[in-house]
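Given next are the chains, with one letter for each unit.
Number of protein chains: 2
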Amino acid sequence: MWCQSCKEEYEEEDAGTCKECYEEASETEEELKREIDDLRSRLLFLRLPSPTLDAASAPHTDLFLHAIPACSSTGAGGEADAVRVPDTPAVPAHRVILASRSPVFRAMLENEMEESRSGIIKIYDVSYDVLRAFVHYMYTAEALLDEQLASDLLVLAEKYEVKHLKAYCEKFITSKVNNDNAIAHYAFAHRHGAKQLLEASLSELMNNMSTLADREEYKELVEKDPRLVVEIYEAYLNRQVNTAAGKDTDCGCRK
Amino acid sequence: MWCQSCKEEYEEEDAGTCKECYEEASETEEELKREIDDLRSRLLFLRLPSPTLDAASAPHTDLFLHAIPACSSTGAGGEADAVRVPDTPAVPAHRVILASRSPVFRAMLENEMEESRSGIIKIYDVSYDVLRAFVHYMYTAEALLDEQLASDLLVLAEKYEVKHLKAYCEKFITSKVNNDNAIAHYAFAHRHGAKQLLEASLSELMNNMSTLADREEYKELVEKDPRLVVEIYEAYLNRQVNTAAGKDTDCGCRK
Chain P
1 MWCQSCKEEY
11 EEEDAGTCKE
21 CYEEASETEE
31 ELKREIDDLR
41 SRLLFLRLPS
51 PTLDAASAPH
61 TDLFLHAIPA
71 CSSTGAGGEA
81 DAVRVPDTPA
91 VPAHRVILAS
101 RSPVFRAMLE
111 NEMEESRSGI
121 IKIYDVSYDV
131 LRAFVHYMYT
141 AEALLDEQLA
151 SDLLVLAEKY
161 EVKHLKAYCE
171 KFITSKVNND
181 NAIAHYAFAH
191 RHGAKQLLEA
201 SLSELMNNMS
211 TLADREEYKE
221 LVEKDPRLVV
231 EIYEAYLNRQ
241 VNTAAGKDTD
251 CGCRK
Chain Y
1 MWCQSCKEEY
11 EEEDAGTCKE
21 CYEEASETEE
31 ELKREIDDLR
41 SRLLFLRLPS
51 PTLDAASAPH
61 TDLFLHAIPA
71 CSSTGAGGEA
81 DAVRVPDTPA
91 VPAHRVILAS
101 RSPVFRAMLE
111 NEMEESRSGI
121 IKIYDVSYDV
131 LRAFVHYMYT
141 AEALLDEQLA
151 SDLLVLAEKY
161 EVKHLKAYCE
171 KFITSKVNND
181 NAIAHYAFAH
191 RHGAKQLLEA
201 SLSELMNNMS
211 TLADREEYKE
221 LVEKDPRLVV
231 EIYEAYLNRQ
241 VNTAAGKDTD
251 CGCRK
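Chains P and Y are the protein sequences, given in the same order. The letter at position 137 of the first sequence is residue 137 when you use UniProt numbering, and the numbering goes up by one with no holes. The letter at position 216 of the second sequence is residue 216 when you use UniProt numbering, and the numbering goes up by one with no holes.
Keep in mind that the hints were calculated from the coordinates and are not lab data. Incorrect hints may have been included.
[Unchecked claim] In silico PhoX-like cross-links for lysine-lysine, where the CA-CA straight-line distance does not exceed 20 Å:
no. : chain 1 : residue 1 : chain 2 : residue 2
1   : P       : K19       : Y       : K19
2   : Y       : K195      : Y       : K163
3   : Y       : K195      : Y       : K247
4   : P       : K7        : P       : K19
5   : Y       : K159      : Y       : K122
6   : P       : K159      : P       : K122
7   : P       : K171      : Y       : K33
8   : P       : K33       : Y       : K171
9   : Y       : K171      : Y       : K195
10  : P       : K195      : P       : K163
11  : P       : K176      : P       : K195
12  : P       : K195      : P       : K171
13  : Y       : K159      : Y       : K171
14  : Y       : K7        : P       : K19
15  : P       : K33       : Y       : K33
16  : Y       : K171      : P       : K7
So that you can see chain P by itself, here it is in the shape it has in the complex (with noise of 0.2 Å):
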């Protein structure tokens, strides 16, 4: 007989549906991409032209962020309020699009502190580079990520609660992790919260316990976080005796 899809001739085990289930899945078909097209039309109307692009095509910013990078700061974390902004220009913005995006930008531009006043607001450990990167995001939800960047934006993306940035960094490095550097991923992935990176570097990590030890990662680990590596040793053994009750159950099933 023959298929209607590719239109070669097919014997009766190679058999794949009827007619009537064919048909049906071709106007599912179409359906689907409809909706996809009907989404991506939608999905342009609502992107915004960025400000980090070209200032002229998005006019009526009220707001400058200003990237501090880490070595600029005299302390860890907020006390570096007296820290000099650095010569890299301003990244222009509108006060609506980052109070929608973020609640805490929300907080901050709407409780009277000092950014809302001055329309200025500091974001400390980043470069010029990420700082625009994650605010272009804001106007478009695109962003075209290598690893380093994926990361530094996920952190920003944790710190200001953009959501749907974290989880679209996670996914870009989750699909990136290998044995190289599921130790660095599995770190990462702890102090971030980011449970779908951990889980996929713990299991690269599991496939390959035999040299787990011999790496200078993960003797670092064990100098800095030795409950990280508890964790992965646990993972394993959990692993390991569910894997020995499946095998039981699947002799008993035999029998």
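Starting from the known structure of chain P, arrange chain Y on it as the hints suggest.
Below, chain Y alone, put in the same frame as chain P:
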């Protein structure tokens, strides 16, 4: 043989696809669904809280739109500048949003026009509810349409060049075309350059030519804009000629 989709038995003449194509189609469907999920989550992120729903949820508004219904207007078009602003509340909005959605608002707000200085825009020949729905769409790409609202919004969208909204309304109205409203929609589509709606209503009219001339709306249209009526007859004749030509070709084939 058995259908892998509905699990029912079927005969050779009811064959749909081979196994390979079935699996490929299932994968495609999964991919499309994943894309839809991704697009939906980006849409949710890009939607903005609309100040038409709750002013508190969208602070920093720097613009007020006033609806001036047709009955308050002293004359046709723009000479109604001295018109009293009615008692309905103003619709608050943000310059950055209106300017990014509509080139007309953009020009108004960027060139040193009265509206830009005062932050007050009068929208003529429109009710408060329609204006509210119009502004709401600018923030959310959503509107709860009925035929009247869709027509009113289409007119506003055309005036302020919000293409996405115009297409959205036109699609909705087109889905409602029937023999009873086809003349009205045909004339409306002509007035506002709505091509898809024009074709749908013209096609509906041509399918009911025998009763066309008896209709009250037809007589009104002949009175008001006879050229539009001529276009209906021209299109009808054109279709008849094409159908006849098609039949001739058919006969030729069968000989």
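Practice task
Given the hint that Y/K7 pairs with P/K19, test it: the Cα-Cα distance must not exceed 20 Å.
Solution key: holds (13 Å)
Practice task
For the pair supplied as a hint, P/K33 and Y/K33, confirm whether the alpha-carbon distance does not exceed 20 Å.
Solution key: holds (9 Å)
Practice task
For the pair we were handed, Y/K195 and Y/K247, check the Cα-Cα distance against 20 Å.
Solution key: Distance of about 28 Å is beyond 20 Å: violated.
Problem - 20 Å Cα cutoff - pair Y/K171, P/K7 - result: violated (36 Å)
Problem - Holds or violated: P/K171 to Y/K33, with C-alpha atoms at most 20 Å apart - result: OK: P/K171 and Y/K33 at ~17 Å, within 20 Å.
Practice task
Below or equal to 20 Å on CA atoms is what counts here, so check P/K19 against Y/K19.
Solution key: holds (13 Å)
Handout entry: Given pair status - P/K122, P/K159, alpha carbons within 20 Å
Key = Distance of about 13 Å is within 20 Å: holds.
Handout entry: 20 Å limit on alpha-carbon distance, applied to hinted pair P/K195 and P/K163
Key = Judged against 20 Å, a Cα distance of about 13 Å means the pair holds.
Handout entry: Pair hint P/K176 and P/K195, alpha-carbon separation not exceeding 20 Å
Key = holds (15 Å)
Handout entry: Y/K159 paired with Y/K122 [C-alpha distance capped at 20 Å]
Key = OK: Y/K159 and Y/K122 at ~13 Å, within 20 Å.
Handout entry: Satisfaction of hint between P/K171 and P/K195, Cα-Cα up to 20 Å
Key = holds (10 Å)
Exercise for the section: For the pair we were handed, P/K33 and Y/K171, check the Cα-Cα distance against 20 Å. Expected result: holds (17 Å)
Hints 3, 16, counting from the list given before, are not met by this structure.
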